[in-house]
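J.: Please construct the entire structure, taking both the sequences and the accompanying hints into account.
The listed protein sequences derive, respectively, from chains A and B.
Okay, so the first sequence: first residue is 6 according to the working numbering, each after it adds one.
Okay, so the second sequence: first residue is 2 according to the working numbering, each after it adds one.
Don't read these hints as lab results, they were simulated from the structure.
Keep in mind that this is a model prediction, so the values were computed, not measured.
Among the hints, erroneous ones may be present.
Taking lysine-lysine and the BS3-like style, the derived pairs with C-alpha atoms no more than 30 Å apart in a straight line are [what the hints assert, rightly or not]:
| id | chain 1 | residue 1 | chain 2 | residue 2 |
| --- | --- | --- | --- | --- |
| 1 | B | LYS26 | A | LYS296 |
| 2 | B | LYS141 | A | LYS295 |
| 3 | B | LYS141 | A | LYS190 |
| 4 | A | LYS295 | B | LYS235 |
| 5 | A | LYS99 | A | LYS13 |
| 6 | B | LYS32 | A | LYS166 |
| 7 | A | LYS190 | B | LYS299 |
| 8 | B | LYS32 | A | LYS296 |
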Amino acid sequence: MLVSRLIKIFTSLRLTVILLAFAIVLVFVGTLAQVDEGLYNAQTRYFRQWLIFGLDLFGHKIPFILPGGYLIGTMLLLNLLAAHIYRFQLSARKIGIQMTHAGVILLLVGQLVTDMMSRETQMRFVEGETKSFSESPQNYELVFTSEDGANSEQVISIPDKLLARGGEIQNGNLPFMIRVNNFWKNSEPQFRAPMVQNAPPLTTNGIAVSFDFRPLAETKTMDDKNVPTALVEIAGANGSLGDWLVSGWTADAGMIEALSQSYAQQLGADMTRQIISDLTRPQSVSVGGKKFTFALRPERNYLPFSLTLLKATHTVYEGTDIPKDFRSRVQLQNPQTGENREVEIYMNAPLRYAGLTFYQYQMTAGEMAESAGEVPSSVLQVVRNPSWLTPYIGCALVAAGLVTQFMFHLVGFITKRRTK
Amino acid sequence: MRGLRSIAILLTALTLAGCGREEVKIYHVPKDDSAAPEQNSAAHPQQPQLQWALPDGWQEIAPSQMRVASFAVTNASGSSADVGVIPLPAGENEIDLINMWRDQMQLPPTTNFNPETVSVGSDSAKLFDIASDAAIIDGKFRARILVAMLTRGPTSWFFKLTGEDSFVTSQKQTFLQFLKSVSFVENAPAQIAAAPAAQNETGKSIWTIPSGWQPADPGAMLFAKFSISSGGAKADVNISSLAGDGGGLLANVNRWRGQLGLNSLNEMELDHLPPTADVPGGQLTLVDFTGADSKTGKPAELVGAVVPQNGQTWFYKLMGDVAVVGQQKDAFIKFIQSADYTNAR
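T.: Below, the structure is given as structure tokens:
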């Protein structure tokens, strides 16, 4: 009885219509919410969610419960699958409908897999630089690096989300405990210039001597970025080893570049070089004869191959500032396969390699960079999406299914008319 | 129905695959040789050398970049000010500098200022006194900068006292005395590059440190700090030294009681409390309270000792887990009794 009722609900067209109606409302609300919350936050809050309790629109709180993107997607998938299985008839006349349904199912499953498994990172390098890792544009990690043989390092990585929880962090591979005394999701550095210091430093270790950091409100726009800072205490078996400030500002190449441009305008190039070298100097602790260098840096994704930026080219339409072409010529080297080749990456011509896609993303090159005395640099967007083919296959299936179904009807109709 | 069950299992697996990124990860990578030289708070060996007499209530702290000396000045009521000594190449535009400080105090630029003449060692210098009109410190207090500028050979020396208006004003005479005590020593040993007095190396020469006490970074406000860990529980020993009576016994005892969430005592109640013990050169006053740590809310015990010594007052505080403090109390008193203040800077 219960089973037959469930089957009736899950196979009903009414459920499809209700779900599609909710999907329309969700897309509308989620799109409007991007104005206040930014793209990333709105996506997380409305689409990557099972249930949404309360909406925030134009500064007003609306007490309303809405199914989230995950719930609507999952229910649509179940609805479609149930109908597909329940009403399945192996006949040539229905083959078009079966194909269309299979295509839509593939689209839904593919999107879910993309959402769960895909990962976007970035690779930033200046001309001549070799990188064998990409970095997260949002997440940071506190890493403790120690020597591990003559040519290798052990890296212990603590995600910033763990730091944000506060409290004590322990790991069997670290001979000390990290106590997070303060964590700011967004912060800004202030050079402790001799004329501007109004208070003693937060701690007298490492970077805090030369820099103050102050909390900032969390940013939600796509143009800005939250750069975290934490005050941590490191304690060994025999007690505290001291407090240190760790900040994303010290190891995020993109933010350091932006900061040094801002300092250079105010203080000149020489002073800026000195200040930036102080900011980026590593901090370390030694415990039991072993030295651990630590930094809060963008979360890294190490690759089994490397890319070297040979040339970054930024051309504009003659006589204008309108960009014509961004192009990175890179050398791909893979010690495991012995590959060593040059590749050009530019708009609509990404490099697909080892399950990753490298798109041209940002660039500081061309006349403007030359006149500012900057070494040309390029940023590639690195996307890992195991289900990147599913939308293509899904759409092809839907199209083929609809054409097949239409042809069946057309042929049937024409045949009928002829016999008349 | 088997189909539906399979789908449910698939969805659960996908959901789980998307989670689980917030873990500590360990990996091995080729060595990165591009690292910059390490952070080092040691001062500037190439800078000219200075000597001075440290005023009562001032504490030397590690100088930051461009400074050759830094001091923290505090009083018992929690007011603080910052003193820095900065050498810059002579020839900086005086008007621009003064206007930069005025800008900090949210005052408009001016060309009209009348610096006082003061002595820095045997030289005469200009003293600029700039006070804010608005409450710019935490929105509650007005701020004031006193800065003395002395041009000596190729270098202009700036001695700068910054903090709350009323506190800086109260420190002005002390600041002027400090300026008078300054002397310039050619090719002197690197006194300014030495670790500040609060570092544990100096601490070792003052006390006999009990086993299990780990010297810790004392920060700007303390003379020395030790951490004690026992079976996962923890206690800290904080030592500070203030001029005169450091604000008085009652104020400091009540400050300590506040850290345990206890009510303040009055003079009469205080008289009933403290037992005393002999220490070299005098007597120490000892208090022992239990309560809840106001920062963590956990049960905590505090043993505090106040030792007047040669016009200074030393404050020792053992605070932390009740069991650890109980175990360490005797060692704490012996530690205080072991002090030889002639080595203290």
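J.: Are there hints from earlier that the structure breaks, and if so, what are their numbers?
T.: 2
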